Amino acid sequence: DAKTTQPNSMESNEEEPVHLPCNHSTISGTDYIHWYRQLPSQGPEYVIHGLTSNVNNRMASLAIAEDRKSSTLILHRATLRDAAVYYCIPYTNAGKSTFGDGTTLTVKP
Amino acid sequence: NAGVTQTPKFQVLKTGQSMTLQCAQDMNHNSMYWYRQDPGMGLRLIYYSASEGTTDKGEVPNGYNVSRLNKREFSLRLESAAPSQTSVYFCALRPGQLNSPLHFGNGTRLTVT
Numbered sequence: 051d052a053k054t055t056q057p058n059s060m061e062s063n064e065e066e067p068v069h070l071p072c073n074h075s076t077i078s079g080t081d082y083i084h085w086y087r088q089l090p091s092q093g094p095e096y097v098i099h100g101l102t103s104n105v106n107n108r109m110a111s112l113a114i115a116e117d118r119k120s121s122t123l124i125l126h127r128a129t130l131r132d133a134a135v136y137y138c139i140p141y142t143n144a145g146k147s148t149f150g151d152g153t154t155l156t157v158k159p
Numbered sequence: 029n030a031g032v033t034q035t036p037k038f039q040v041l042k043t044g045q046s047m048t049l050q051c052a053q054d055m056n057h058n059s060m061y062w063y064r065q066d067p068g069m070g071l072r073l074i075y076y077s078a079s080e081g082t083t084d085k086g087e088v089p090n091g092y093n094v095s096r097l098n099k100r101e102f103s104l105r106l107e108s109a110a111p112s113q114t115s116v117y118f119c120a121l122r123p124g125q126l127n128s129p130l131h132f133g134n135g136t137r138l139t140v141t
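Line by line, the protein sequences give chains A and B.
Position 49 of the first sequence, counted from 1, bears residue number 99 in my numbering, the numbering being contiguous throughout.
Position 65 of the second sequence, counted from 1, bears residue number 93 in my numbering, the numbering being contiguous throughout.
Calculated from the structure, these hints are not laboratory results.
Computed from a predicted model, the values in this text were never measured in an experiment.
Wrong hints could be hidden among the right ones.
Pairs of lysine-lysine residues, derived as BS3-like cross-links and limited to a Cα-Cα distance of at most 27 Å, are as follows [to be verified]:
| no. | chain 1 | residue 1 | chain 2 | residue 2 |
| --- | --- | --- | --- | --- |
| 1 | A | K119 | A | K158 |
| 2 | B | K85 | B | K42 |
| 3 | A | K53 | A | K119 |
| 4 | A | K146 | B | K85 |
| 5 | A | K53 | B | K85 |
| 6 | B | K99 | A | K146 |
| 7 | A | K146 | B | K37 |
With these hints in hand, go ahead and build the complete structure from the sequences.
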């Protein structure tokens, strides 16, 4: 299974952009990259996913490196409600999605 | 997290006791999953079910059994609880379409003393 590496923690100021990196150098050619976030005392929630092209939705943007060995989740204007643990996951066809420890994002007012 | 109902929300067990965690969905999704999350850690897959009547082991299946008797429900059973099974247990769903996202319940907090 592909492994991911994410920083343990990051900090941001409110209303500033945040770039959350993820390395997935062993990802297979057909694995999508999924991102989830987990707010305190809740289950994870889906944020965004992509394969090769950059993707945008109402929550965030996802920038995928040309060699697909890394990706970056972009929150354009961080709010206090964005404070959470963010997980980057290569999505295997077998459905055995494995979550690492993620990145804990702290947003300062 | 409407669509995924986990019961109970909280449970305290003594070592050796048994219990079943229930997960029910009203989203008509094919695949269902059980994860555990220890304090400060990520989620680890215990078991999953790609469809009614089928189940497969995940990363950490020891000490657990599962049952998927119908499309709507996926239960997780601890036959003889141990303190190492103290954790938060999450049920998740996924439609059958390729690369569709997971949809999680709010979890069951289990403490084994």
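Outcome of the hint check:
1. Between A:K119 and A:K158, the direct Cα distance comes to roughly 30 Å. Violation of the 27 Å bound is thereby established for this hinted pair.
2. Of the supplied pair hints, the one linking B:K85 and B:K42 holds, its CA atoms being roughly 26 Å apart against a limit of 27 Å.
3. A C-alpha spacing of about 11 Å is found between A:K53 and A:K119, which places the hinted pair at or below 27 Å, so the restraint holds.
4. Taking the CA atoms of A:K146 and B:K85, the gap is about 9 Å. The hint holds against a cut of 27 Å.
5. For the hint pairing A:K53 with B:K85, the CA-to-CA distance comes to about 19 Å; that is within 27 Å, so the pair holds.
6. The suggested pairing of B:K99 with A:K146 holds, with an alpha-carbon distance near 19 Å, which does not exceed 27 Å.
7. A threshold of 27 Å between alpha carbons decides the hint, and for A:K146 with B:K37 the separation of about 25 Å falls inside it, so the pair holds.
This entry does not satisfy hint 1, going by the numbered hints stated previously; all others are met.
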